Amino acid sequence: MKASVYSIEGQALRQIELPEAFNEEIDFNLIKRAVLAIRSAKRKSYGANPRAGRNNTAIYVGARHYPTPMRTINTGRARKPRLQNRRYLLYGRVAGIAGVVSGPKAHPAKAEKQLREKINKKEKRKATRSALAATAVKELVKKRGHYFDEAKTKELPIIVEEKFESLKKAKEVAKAFENLGIMQDIERAREKRQKRAGKGKRRGRRYKKRKSILVIVSKPKVPVIKAVRNFEGVDVVPAKLVNAELLAPGARAGRLSIITEPALKEL
Numbered sequence: 371m372k373a374s375v376y377s378i379e380g381q382a383l384r385q386i387e388l389p390e391a392f393n394e395e396i397d398f399n400l401i402k403r404a405v406l407a408i409r410s411a412k413r414k415s416y417g418a419n420p421r422a423g424r425n426n427t428a429i430y431v432g433a434r435h436y437p438t439p440m441r442t443i444n445t446g447r448a449r450k451p452r453l454q455n456r457r458y459l460l461y462g463r464v465a466g467i468a469g470v471v472s473g474p475k476a477h478p479a480k481a482e483k484q485l486r487e488k489i490n491k492k493e494k495r496k497a498t499r500s501a502l503a504a505t506a507v508k509e510l511v512k513k514r515g516h517y518f519d520e521a522k523t524k525e526l527p528i529i530v531e532e533k534f535e536s537l538k539k540a541k542e543v544a545k546a547f548e549n550l551g552i553m554q555d556i557e558r559a560r561e562k563r564q565k566r567a568g569k570g571k572r573r574g575r576r577y578k579k580r581k582s583i584l585v586i587v588s589k590p591k592v593p594v595i596k597a598v599r600n601f602e603g604v605d606v607v608p609a610k611l612v613n614a615e616l617l618a619p620g621a622r623a624g625r626l627s628i629i630t631e632p633a634l635k636e637l
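Under my numbering, the sequence shown is numbered contiguously, ending at residue 637.
Keep in mind that the hints were calculated from the coordinates and are not lab data.
EDC-like mimics (lysine to aspartate or glutamate), calculated; alpha carbons at most 16 Å apart, straight line: (1) 545 / 379; (2) 524 / 548; (3) 508 / 525; (4) 492 / 395; (5) 565 / 602; (6) 541 / 379; (7) 635 / 535; (8) 596 / 535; (9) 524 / 509; (10) 579 / 602; (11) 579 / 557; (12) 635 / 532.
Label pairs and their calculated CB-CB ranges: (13) 540 / 421: 50 to 58 Å; (14) 513 / 485: 27 to 35 Å; (15) 560 / 476: 43 to 51 Å; (16) 513 / 389: 21 to 29 Å; (17) 565 / 449: 44 to 52 Å; (18) 450 / 567: 36 to 44 Å; (19) 458 / 479: 36 to 44 Å; (20) 513 / 479: 34 to 42 Å.
As the structure is a computational prediction, the values presented were derived from the model and not from experiment.
We treat Cβ as the ideally placed atom computed from N, Cα and C, and that holds for glycine.
Generate coordinates for the entire structure from the input sequences, incorporating the hints supplied.
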């Protein structure tokens with residue numbers, strides 16, 4: 371499978387052979403499994419204190435031969451454990467069980483619950499190759515909602531020359547995106563950003579943001595990383611750290627991607 375290498379001015383320079391990964395069969399179920407495994411690995415275990423709501427003196431006395439104030443059965447009141455902080459047990463408040471004031475939860479979160487989804491290494495790698503192959507299918511990229519100028523963007527993924535990695539200014543990168551016909555996808559992401567409903571606004575996720583372009587570079591410290599990272603919805607990643615979640619956010623394959631020529635060799 372061949373693709374054109376483009377300059378930052380948007381001109382086709384030469385043809386190049388794409389890596390074998392782009393010929394992988396696209397397996398949507400496997401991509402979804404890999405994305406869920408990656409996302410679940412980021413979760414942290416949490417749970418309630420086993421003694422929460424039970425640190426009290428509440429007892430239940432079911433013996434019928436006790437005097438009425440000293441038992442909790444056959445008194446015309448709720449047959450539930452009561453606190454021993456009054457002269458008689460019957461006068462104490464119900465506590466220590468689920469469904470009462472200050473009581474424990476019936477089924478609280480358990481810290482020992484396994485939150486992590488598992489996936490085999492070979493399956494995970496196959497899912498990454500499958501998601502990478504999906505970036506070359508125009509129909510899938512459009513289905514994900516990405517915008518690009520088909521007059522300028524004739525084939526996907528977009529392979530750019532090594533010079534792209536040396537860009538230091540955001541305005542230089544924006545001009546390159548314009549020349550390649552994909553700047554409108556960043557504008558789409560910017561326009562569709564919206565405030566989140568509910569308490570999430572106070573918890574570090576004030577806005578719902580759309581995913582835009584994925585930029586794959588050859589090394590972790592090339593200048594373009596700083597120039598590109600503040601564009602709305604754009605992710606930039608070294609070739610060695612590419613995974614299924616970056617290539618298929620939300621387990622939906624077909625992300626609009628730019629790959630530099632040196633990064634293609636790493637892939």
